[in-house]
Amino acid sequence: MKRRDFLKNSIVLVAGASLPFAALDWIDPKELLAARPDLRWGFLVDTHRCVGCGFCVKACKKENGIPYDANVTRTWVERYVVLKDGKVLADSPKGARDGFTTTAIDRGAEGMEKVRDEDIAKAFFVPKLCNQCAKPPCVQVCPVGATYQTADGVVLVDRSWCIGCGYCIMACPYGVRFFHPVYHVADKCTFCYHRITKGMKTACVGACPFGARQIGNLRDPADPISRVILTQRVGVLKDAFGTEPQVYYLGLSKEVR
Amino acid sequence: MKGHVWRPFWVVVGIVALILLVRFFVVPSDFGIGSRGYMYGWHRAGNEQDWKDFPVSYRFENSREDCGQCHDDKVAALASSPHVIIKCENCHGPALSHPDHPEKLTVNRSRGLCVRCHAALPYPTSGRSRIIGIDPATHNPGVPCVECHNPHHPNLEDM
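Note that the protein sequences, when read in sequence, are chains A and B.
The numbering used here numbers the first residue of the first sequence as 1 and each following residue consecutively.
The numbering used here numbers the first residue of the second sequence as 258 and each following residue consecutively.
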């Protein structure tokens with residue numbers, strides 16, 4: 001082999017090897033369009049407005065057929081009480097299905113912890129539901145293809161296909177998934193897919209008397225929730241996990257996990 | 258080649274054929290990659306319709322107009338009270354089928370419903386502290402609130 005040929009072949013080999021396989025992929029314009037349709041459901045929670053009545057939790061359970069007395073729920077409300085000495089107390093008895101009716105904090109096995117009114121520095125309520133992440137880890141771990149994300153961004157579970165392995169329940173950093181006690185499959189908030197696809201709002205949004213919950217289309221800049229998200233200071237939960245949650249919060253505090 | 262080489266080969270071919278045959282019958286035909294690709298969209302397409310077909314129970318959006326078609330006196334009384342922000346169905350239960358099956362509606366008259374908002378919680382940074390509150394343990398315990406208060410027009414001066 002001549003030196004000229006050796007150099008020529010080396011350059012071709014290096015150039016060829018450095019070409020990623022992705023560059024040889026044929027880009028389908030339909031696929032590109034589907035990746036950015038004109039509808040993407042999103043949610044806005046205004047924690048300033050929430051008073052912890054729990055009507056959202058009650059309505060969600062009744063609308064979606066979640067056993068009312070079982071300790072599972074698709075949405076719940078958390079109470080955070082920050083004391084003047086810096087101690088953070090948080091609870092959500094029965095997911096706040098019956099609201100918060102006492103100043104004592106539910107500490108689980110330790111019982112109810114009494115809090116003196118004068119010790120409270122700040123206290124507030126935070127509604128939680130599925131974040132319908134842009135990169136949902138719960139979907140990635142499903143071994144059978146029972147959970148998936150629709151084109152409009154809602155993560156659903158196929159009840160006839162789920163084998164109940166529980167991987168997705170463990171994978172969700174927000175703990176929104178649970179095992180359905182009747183169907184024995186993974187269950188989660190669907191953004192009331194049966195309602196929003198008929199032009200209605202979700203049950204929790206409809207039930208909230210204070211307008212703390214809103215649902216809308218993130219792709220429409222004129223949508224009320226898009227306007228807030230684009231123009232005001234909103235936060236998301238557990239940003240560091242890289243899941244790109246699509247439930248935005250107004251008035252999020254650092255104590256909220 | 259001898260039979261002892263071909264025999265395991267045919268066994269493997271048979272197993273693969275059996276798996277493909279079972280797969281053909283068990284996996285639904287609409288199973289495949291959705292618009293979100295392999296990682297997030299691998300599913301049975303028909304399930305999206307299954308979820309869309311889930312029955313609706315609450316009407317919520319237009320409940321005041323809908324309910325007012327028959328119960329206009331209640332809706333009118335409510336209009337001038339602070340309780341106007343609470344949707345009818347929050348206390349009266351899911352009512353989408355109510356016009357067709359009027360007897361089905363069960364009204365929640367319990368104390369528990371009222372103290373969701375009216376149990377006093379002195380939280381300075383929450384809207385809760387701006388709602389008139391009582392201590393459920395000392396404020397006429399055991400008596401349903403609706404014995405004294407009219408939920409559709411709860412003004413304390415009118416009592």
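Rather than coming from a laboratory, the hints here were simulated on the basis of the structure.
Nothing here was measured: the structure is a model prediction, and the numbers come from that model.
Just to be clear, a hint being listed does not mean it is correct.
Computed list of lysine-lysine pairs in DSS-like fashion (alpha-carbon distance at most 30 Å, straight line) [to be verified]:
| no. | chain 1 | residue 1 | chain 2 | residue 2 |
| --- | --- | --- | --- | --- |
| 1 | A | LYS201 | B | LYS309 |
| 2 | B | LYS309 | A | LYS135 |
| 3 | A | LYS238 | A | LYS62 |
| 4 | B | LYS361 | A | LYS62 |
| 5 | A | LYS135 | A | LYS84 |
| 6 | B | LYS259 | A | LYS201 |
| 7 | A | LYS201 | B | LYS361 |
| 8 | A | LYS198 | B | LYS259 |
| 9 | B | LYS331 | A | LYS87 |
| 10 | B | LYS259 | A | LYS62 |
| 11 | A | LYS87 | A | LYS254 |
| 12 | A | LYS62 | A | LYS84 |
| 13 | A | LYS94 | B | LYS309 |
Incomplete in silico selection of chain B near chain A, CB under 10 Å [stated by the list, open to error]:
| no. | residue |
| --- | --- |
| 14 | PRO285 |
| 15 | PHE288 |
| 16 | PHE311 |
| 17 | SER386 |
Derived list of chain B stretches under chain A, where covered just means 3 residues or more per stretch with a C-beta under 8 Å from a C-beta of chain A [said to hold, decoys possible]:
| no. | region |
| --- | --- |
| 18 | 299-308 |
| 19 | 324-331 |
| 20 | 372-383 |
Here a beta-carbon is modelled for each residue, glycine too, at the ideal position from N, C-alpha and C.
To see whether the hints hold, each was checked on the structure:
1. LYS201(A) <-> LYS309(B): holds (13 Å)
2. LYS309(B) <-> LYS135(A): holds (23 Å)
3. LYS238(A) <-> LYS62(A): holds (29 Å)
4. LYS361(B) <-> LYS62(A): holds (14 Å)
5. LYS135(A) <-> LYS84(A): violated (38 Å)
6. LYS259(B) <-> LYS201(A): Distance of about 71 Å is beyond 30 Å: violated.
7. LYS201(A) <-> LYS361(B): Holds, because 24 Å separates the two Cα atoms, which is no more than 30 Å.
8. LYS198(A) <-> LYS259(B): violated (67 Å)
9. LYS331(B) <-> LYS87(A): violated (46 Å)
10. LYS259(B) <-> LYS62(A): The given pair, whose Cα atoms are some 69 Å apart, is violated under the 30 Å limit.
11. LYS87(A) <-> LYS254(A): With a Cα-Cα distance of about 13 Å, the restraint between LYS87(A) and LYS254(A) holds, given a limit of 30 Å.
12. LYS62(A) <-> LYS84(A): Since the Cα atoms of LYS62(A) and LYS84(A) sit roughly 39 Å apart, the hinted pair is violated (cutoff 30 Å).
13. LYS94(A) <-> LYS309(B): Holds, at about 28 Å.
14. PRO285: holds (9 Å)
15. PHE288: It holds, given that the least Cβ distance between PHE288(B) and chain A is near 7 Å, below 10 Å.
16. PHE311: Holds: closest Cβ of chain A sits about 4 Å from PHE311(B), inside 10 Å.
17. SER386: Check passed: Cβ of SER386(B) comes within 9 Å of chain A, closer than 10 Å.
18. 299-308: Three-residue rule met by the region 299-308 of chain B, so holds; n is 7.
19. 324-331: violated (count 0)
20. 372-383: holds (count 10)
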